[in-house]
Each structure stands twice: as structure tokens, then as C-alpha cells.
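S.K.: Sequence:
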Amino acid sequence: MNANSHLGPDHQAAIGRRREARLRVRLEAQLITLDGTVRMVMADLSRNGARVSGHLPRLRLKQQAIIQWTQFEAFGIVAWIDGNQCGLEFDEPLPHQVLVKTREIHDTAPLQSDRELARGAARAFVQGKVRL
556 MNANSHLGPD HQAAIGRRRE ARLRVRLEAQ LITLDGTVRM VMADLSRNGA RVSGHLPRLR
616 LKQQAIIQWT QFEAFGIVAW IDGNQCGLEF DEPLPHQVLV KTREIHDTAP LQSDRELARG
676 AARAFVQGKV RL
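Numbering (the numbering used here), first residue to last: 556 to 687.
Derived by calculation from the structure, the hints in this document are not laboratory data.
Fair warning: this is a prediction, and the values are worked out from it, not measured in the lab.
Watch out, some of these pointers could steer you wrong.
[Said to hold, decoys possible] Straight-line alpha carbon distances no greater than 25 Å define the calculated DMTMM-like cross-link-like pairs of lysine to aspartate or glutamate that follow:
#, residue 1, residue 2
1, 617, 590
2, 656, 599
3, 617, 637
4, 617, 647
5, 617, 628
6, 617, 662
7, 656, 637
8, 617, 659
9, 617, 646
10, 617, 599
11, 617, 583
12, 656, 646
13, 656, 583
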């Protein structure tokens, strides 16, 4: 008998597993909250959520957010924050076709390395194209 034996079989099977498989990607995304918009890197995506990384100013748990990538967007809440990464839980599951198209975009146009992104951001700042 284990520590979770009092739980039903469906709940036991779900412990330690995600509801949906995650699509590993590296795509530029924007995270939009009432506090502003920040550029992020989407690291993975599922029908129910996403993991993004980047500078997370003023981000709070349970904060409502919109994530935009390529031609898609999803509404949800910040489910967790860990350093420069956070997880978003979507209000409604994404259609399967959005995952398929996102994979196609990732395969044909992967995001630059972190170093290249930092250089581009620094260049844009120096040229006055963005402000901190």
C-alpha cells in the first residue's frame, strides 16, 4: 500500500504526469499583462499551457495574461514562476491545428540563440528603438 492508495485509480495515474504532451519549441513570444508587454522565448507549448522564459518584471501568480506568438494568441493565468521562467495555464484548450502550425513554423524558422537575441536587443536599445 502506497501513500496515494486512498486516491482513486484515475487520480493515482495522473500524479507526476501532465494532462497533455508538450511541444518543445524555441519561438519569440510576447507576454501581455495589465503591467505591460514583454518579449519572451516560448520554450514549450501544449493545448492547455505554455512555458516561457525571459525578463519577468512585476509578474505575479494568478495574474491574467495574453501570450502571442507568430499569428496565434492565448489567454490565461500565470500558474508558476521560477527565476526567469514562468508557466501559463490557458483559459481554453488550444485547437490541435494551432500546435501543428506552431511546430511547422518552429521547424522552418527557429529563433536565434540567446546571445544573438541579446545583441539584437542591445542594438535596438542603442538605436533608440526600444526603451527599458
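S.K.: Which numbered hints are broken by the structure, listed smallest first?
M.R.: Numbers 6, 7, 8 - these are the hints that the structure violates, sorted from lowest upward.
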